[in-house]
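Student: Read off the chains here:
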Amino acid sequence: MAVDRTSRGGRDVAPLNDWQARLEETALTPVRQTGRRFWAVVAILLAIIGWGVYAYSVQLRDGLVVTGMRDRISWGLYIATFVFFIGISHAGTLISAILRVSHARWRRSALRMAEFVTVVALICGASFVIIDLGRPDRLLNVFIYGRWQSPIIWDVLAITTYLTASITYLFVPMIPDLGLFRDRLAGRSSRWRGWLYRTLAIGWNGNPAQWRSLASAIGVLMILIIPIAVSVHTVVSFIFAMTLRVPWDSALFGAFFVAGAIFSGIAILIIVMAILRRAYHLEEYATEKHFVYLGYLMAAFAAIMIYANISELLVHGYKLQEGVEFHFRQLFLAEFAPLFWFYLLGGLCAPIVIALVPATRNVRGIVAAAILVTLAMWIERYFIVVTGLRVPLMPYEPASYAPTWVEWSLLAAGLAAFALLIALFTKLFPMIAVWEVAESREAAVTDDGATRPIGEGPRLAEEASR
Amino acid sequence: MTTAVRRSAGTVAVALAVWALFVGIAGPAIASHVEATVTSVGEVSVGETVAIPVALHSRDGTPLAGTVVTFYLHMAFAGVEGDAEIGQAMTDELGVATLAYRPRLAGHHELRLEYVAAGDGEIESTSTIIEVTGGVRLVHSPAGVDVPGVGVELLMAVLATVWSILFWVVLRIVAIARAGGQAGDAGLEARR
Amino acid sequence: MTHADTDGPAEANPGSDDPGSALQPATAGSGFGRRRFLRVLGLGALSIVPLPVVSELIREGGVADVQAEPAHGQGAPARTRDGRVRQWTMIVDLRACDGCQSIGQPPRCTAACIEGHFAPEPMEWMQVFEADLPGGGTQFIPTPCQQCQNPPCVNVCPVGATFSTPEGTVLIDQERCIGCRICMAACPYDRRFFNWGNAPVPPEALLADYSPEHQVPAKKGTVMKCDFCPDMARTGTLPYCIQGCPQRAIYYGDLEEDIATNGREVVSASRLLSENGAYRLKEDLGTEPRVHYIPGHGEAAGRDAFSPGREPTVWPWIERAEGAVTWRR
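Residue numbers (my numbering), protein chains in the order written: chain A, 1 to 466; chain B, 467 to 658; chain C, 659 to 987.
Check each hint, because a few of them may be wrong.
Which chain B residues face chain C? A few, computed with CB under 7 Å, are given here [to be verified]: (1) Gly513; (2) Phe543; (3) Val546; (4) Gly548; (5) Ile552; (6) Met556; (7) Ala566; (8) Arg570; (9) Leu571; (10) Ala572; (11) Arg603; (12) Leu604; (13) Pro608.
To spell it out: a stretch of chain C is covered by chain B in this simulated footprint if at least three of its residues, at any positions, have a beta carbon under 8 Å from a beta carbon of chain B; those stretches are [said to hold, decoys possible]: (14) 739 to 750; (15) 830 to 841; (16) 899 to 913; (17) 921 to 928.
Facing chain A, from chain B, some residues (calculated, C-beta under 10 Å) [claimed, not checked]: (18) Val471; (19) Arg472; (20) Leu621; (21) Ile631.
Source of the hints: derived by calculation from the structure; they are not laboratory data. What you are looking at is a predicted structure, and each value in this text was computed from that prediction instead of being measured. Just so you know, even glycine gets a beta-carbon here, dropped at the ideal spot from N, CA and C.
Looking at chain A on its own, in the form it has when it is part of the complex (with noise of 0.2 Å):
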């Protein structure tokens, strides 16, 4: 039964209006103003990006030797940053999936800015393994002479399509948000943006021929995002596993990886929805439930990930075959144990004490939990890729590791890039699903013929004892 737009049959449509407006105005005020305060952020993040460059015209230079890596440790901070950043690329999928699957309609604000940070961390995480490549003149070699038997090319051929389904999936929701874009803005900002509206608009008009191709088009994208981004991660994983290191050894490696992946996909979706929502004032559309449930989530995977945890140590610890000892000293007791423990702790195991408390179960909480998370996982990252290469293979001293201010420069100038496309995407492209978001709104004055505020899921017992 289709529901008429152009006529409510009678229902009071004001508040739907005024809202809708607000909704509008909302999304489109980011695109046609722009702050000193702004360009101040794009000018540090170009900085630091800048600085990066530097660096890796260094790398570029001398070679490898600049960095901490050697024989013995050979992959350090540029493979951690690597898994870390194609980790929080399943911030898209999340939604997508699991938000989807528990039909969750709080979901719609999120899913934008979720697919924005997909694909931005495709993008930065793949330029870090160019960055670690010894001759990244000879990259096309792995195109020209790819051998499918290798994990990094399964790699290869994982984030490309991945990356092409994220932006898909981008770019067709956001089409009548496009169209909206070029009929509010026509006339009224550059040439340039004009042209780009009208371009990515494609003509756009909401007809039901074009609303058919669009349904359609999404609900085949969402469904073939799941295994997509599930493959990414695992292939990633098998970069590790497929070796014959005592501590990456394990059948594990796949599972556990693509659940960390979302975990650190649902708290850099935390972080970045908490900046814009300050940025851009969204509060309205991305309330403190939507914080609070992905807080939930979040705990839940932590909950996933200290299960895991718990399968792979206590396997092997429990046999200490050879390499293992070694491995559980340097883990627990002593060279990465601060590193590990906390990652334990203030990685796992606080986010679930954060969602269960009630008095940090609120926007700031859920954003600190998410901050420990995000550092976290890049610390778990970055010491399973060392540790994993220190147990020694033949009877010599375990070689240590130590990144450089090269490395460390291109982290940052990572992180910054991230952050920069992200911030300019936030002022060329809608970031809220503008239809999307009114639909579900939309669905909830129908269903129970009453306003309620959008993002509102099944009520918890503590808001109706309100």
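The hints should help you fit chains B and C onto chain A, whose structure is shown.
Tutor: This is chains B and C only, laid out in the frame that chain A set:
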């Protein structure tokens, strides 16, 4: 009478000495009459295992059991030459020792057999010729496990499926663009 | 018309969580029939196929790890007198290896290899490790690249820069290597070395003809390792390490002809292995290495198991190179 005894004792002693001398000198000659008979094996190809029996018996025909026979082959490799041991066998109660020999190079080979003759511990040797032909590769690397259906083709099939679905989505986008000619309610705009 | 986030025909379901989905099937009314869809699927499969697939289809096969013809600029495979391809092997008699303690020098096998290949510091393609013995004391284990028959490094290389040869050895094509170092993570014997910087190069090295069988001069950003000196072995010359050992502890051989020599005597390789309790390193990993070890601790050279220590390796040719940049391992 005592002179006669002394004289005969002396003769006996001399006879004994001569005999001892004779035996001492001729001993090896007597003991070296071990006959080793190697059965010719004709033409063998590389990699084929052939039994080389050698029969040891003393001159009077009694077989020499329990004697270890060592086989050597002259080899040359990377500028170093020499006799390399290629096997050992012990003679059985019939005096036959059999070596299971697997030649590894084609050509005309001379095998040298050494054995210690019973009784005086000297090494004796004999030889035999073997003609080896052929040249099929013998050493094969331990292969992987070939599971039918699991391979590159499967990966390609999965990839092709995913990418063609993506392509179909792109066609939907094209359809949206093409349907732009029809009138519509322009989405949310029309609500005003 | 509202959108629905289910694909295909949807039921009209006003009471559902999702806004009432009244979507008509995508295939009806838009002129895009099922047959066209299948056609598109087929065309899509062909047109969207990524580059590696195309190049793979053009190239012959894709699964063979052993190159039929020399594709990387290495020479023709070494053969026996009757035309069979040799299968190189190395047998290290640890009864005779004392880490060169008796001559008071850094291990000569390592030194010979470094000199012969201008191996950049700190690379020890042939490295003498000192391992603890069960009852105390130590043994020396000269460790070249194990030339595995199921090589983890070859399996993971994304561009096929490291490859198995018909002789069963593993080489590296430094012209193709992209320096991703997954092979170094994969090798369980610590036998691969990376050119982190511009390795020092003596003048004579610049005159050398580079090939994967003769990795001179070193190339920045690529991986190197012991190659079993195939260019020398092909012509009947023993590798540097075999030549360099004063105790003649290392044998170089051919499993196809079943022959081996340490430079002084020639033996049947299979006999040497089977009659002396030979073993391989990390057998349980399934790499099937071509390097065998006969257990010992240098007793044939007069070494007592409880006398530890050897001279550290030096790279004496470094003084002849201009602007040497080296790094620690």
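Student: Does each hint fit the structure? Answer for all of them.
Tutor: For each hint, the structure was consulted:
1. With 7 Å as the threshold, the beta carbon of Gly513 (chain B) stays out of range of chain C, its nearest partner Cβ sitting at about 10 Å, so the hint is violated.
2. At about 5 Å, the closest approach between the beta carbon of Phe543 (chain B) and any beta carbon in chain C falls short of 7 Å, and the interface hint on this residue holds.
3. The restraint placing Val546 (chain B) at the interface with chain C holds, with a minimum CB-CB distance near 4 Å, inside the 7 Å limit.
4. Interface hint at Gly548 (chain B): satisfied, since its Cβ lies 5 Å from the closest Cβ of chain C, which is below the 7 Å cut-off.
5. A cut of 7 Å between beta carbons decides the hint on Ile552 (chain B): the least distance to chain C is about 5 Å, and the hint holds.
6. Hint status for Met556 (chain B) relative to chain C: violated, with the closest Cβ pair at about 16 Å, above 7 Å.
7. Of the supplied interface hints, the one on Ala566 (chain B) is violated, with its beta-carbon coming no nearer than about 13 Å to a beta-carbon of chain C, more than 7 Å.
8. Given the 7 Å rule on beta carbons, the hint for Arg570 (chain B) holds: about 4 Å separates it from the nearest Cβ of chain C.
9. Because the smallest distance between the Cβ of Leu571 (chain B) and any Cβ of chain C comes to about 5 Å, under 7 Å, the interface hint for this residue holds.
10. A least Cβ separation of about 4 Å between Ala572 (chain B) and chain C falls short of the 7 Å threshold, and the interface hint therefore holds.
11. Below 7 Å, beta-carbon pairs count as interface contacts, and Arg603 (chain B) has one with chain C at about 5 Å; its hint therefore holds.
12. With 7 Å as the threshold, the beta carbon of Leu604 (chain B) comes within range of chain C, its nearest partner Cβ sitting at about 6 Å, so the hint holds.
13. Proximity of Pro608 (chain B) to chain C holds as hinted, the smallest CB-CB distance being about 5 Å (cut-off 7 Å).
14. Counting residues of the segment 739 to 750 of chain C whose CB lies closer than 8 Å to any CB of chain B gives 6, which reaches the minimum of 3, so the coverage claim holds.
15. With 0 residues having a beta carbon nearer than 8 Å to a beta carbon of chain B, the segment 830 to 841 of chain C misses the requirement of three or more and the stated coverage is violated.
16. Counting residues of the segment 899 to 913 of chain C whose beta-carbon sits less than 8 Å from any beta-carbon of chain B gives 4, enough to reach three: the coverage restraint holds.
17. With 6 residues having a beta carbon nearer than 8 Å to a beta carbon of chain B, the segment 921 to 928 of chain C meets the requirement of three or more and the stated coverage holds.
18. A least Cβ separation of about 83 Å between Val471 (chain B) and chain A goes past the 10 Å threshold, and the interface hint is therefore violated.
19. The interface hint given for Arg472 (chain B) is violated, since its Cβ lies 82 Å from the closest Cβ of chain A, which is over the 10 Å cut-off.
20. The closest approach between the C-beta of Leu621 (chain B) and any C-beta of chain A is roughly 6 Å, which is under the 10 Å cut-off, so the hint is satisfied.
21. With its C-beta approaching chain A no nearer than about 6 Å, Ile631 (chain B) sits inside the 10 Å limit, and its interface hint holds.
Violated hints for the displayed structure, listed by number in ascending order: 1, 6, 7, 15, 18 and 19.
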